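Based on the provided sequences and hints, a complete structural model is requested.
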Amino acid sequence: DGGITQSPKYLFRKEGQNVTLSCEQNLNHDAMYWYRQDPGQGLRLIYYSQIVNDFQKGDIAEGYSVSREKKESFPLTVTSAQKNPTAFYLCASSGRTGGVQAFFGQGTRLTVV
Amino acid sequence: RKEVEQDPGPFNVPEGATVAFNCTYSNSASQSFFWYRQDCRKEPKLLMSVYSSGNEDGRFTAQLNRASQYISLLIRDSKLSDSATYLCVVTEAGGGADGLTFGKGTHLIIQP
Numbered sequence: 001d002g003g004i005t006q007s008p009k010y011l012f013r014k015e016g017q018n019v020t021l022s023c024e025q026n027l028n029h030d031a032m033y034w035y036r037q038d039p040g041q042g043l044r045l046i047y048y049s050q051i052v053n054d055f056q057k058g059d060i061a062e063g064y065s066v067s068r069e070k071k072e073s074f075p076l077t078v079t080s081a082q083k084n085p086t087a088f089y090l091c092a093s094s095g096r097t098g099g100v101q102a103f104f105g106q107g108t109r110l111t112v113v
Numbered sequence: 001r002k003e004v005e006q007d008p009g010p011f012n013v014p015e016g017a018t019v020a021f022n023c024t025y026s027n028s029a030s031q032s033f034f035w036y037r038q039d040c041r042k043e044p045k046l047l048m049s050v051y052s053s054g055n056e057d058g059r060f061t062a063q064l065n066r067a068s069q070y071i072s073l074l075i076r077d078s079k080l081s082d083s084a085t086y087l088c089v090v091t092e093a094g095g096g097a098d099g100l101t102f103g104k105g106t107h108l109i110i111q112p
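Chains A and B, in that order, give the protein sequences.
Note that this note's numbering has the first sequence beginning at 1, numbered continuously upward.
Note that this note's numbering has the second sequence beginning at 1, numbered continuously upward.
What the hints contain is simulated information worked out from the structure, not anything from laboratory work.
Keep in mind it's a predicted model, so treat the numbers as computed, not measured.
Capping the alpha-carbon separation at 25 Å, the derived lysine-lysine pairs in DSS-like fashion look like this: (1) A:9 / B:104; (2) B:79 / B:45; (3) B:104 / A:57; (4) A:9 / B:45; (5) A:9 / B:42.
Structure follows, in structure tokens:
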């Protein structure tokens, strides 16, 4: 079955540590996105990518980095520069940027310990 | 800056009642509109697309008003299982600086 997969589901990070969240899709979608959601809050865009080897900053890109070396994959690294990384991270993909629905992965819940 | 606004609620509604909420958008060039449902601690899932002619799926009806730049979602005969957060999503043709634009969601609580 086609879909979008995030891993891990739960992740614990120590202070000062970089961690990478995985996002893989087999929907042949061009566009991929990363969002952060805090408790009781809406989705905030971190980064998005419309095509391989290209990505754009969203509203809250500071302290995060991404890569898009393959169409299927859009990993997100939460760096030590992100001072408040505890949140629910959602990856999404869509057939093209604008015009079609987005599909979401199940999310990664990141906690700083 | 493109904005999508929703009343955050919560809307507390008795089981069996009809409830409706709106979502306004600022970009008149917006092309596609969707309602997503998000359960607590889960990912958003597509509920329905919103077409210019309206869209009905069982107890759910979505409408688009381009002149006033809002979309609406109506839920009839509400069930306890309808309790969730409903997100409005707006997209523009050809993408843009932020691709999809999400509203912050409307929290709906159906009470027995």
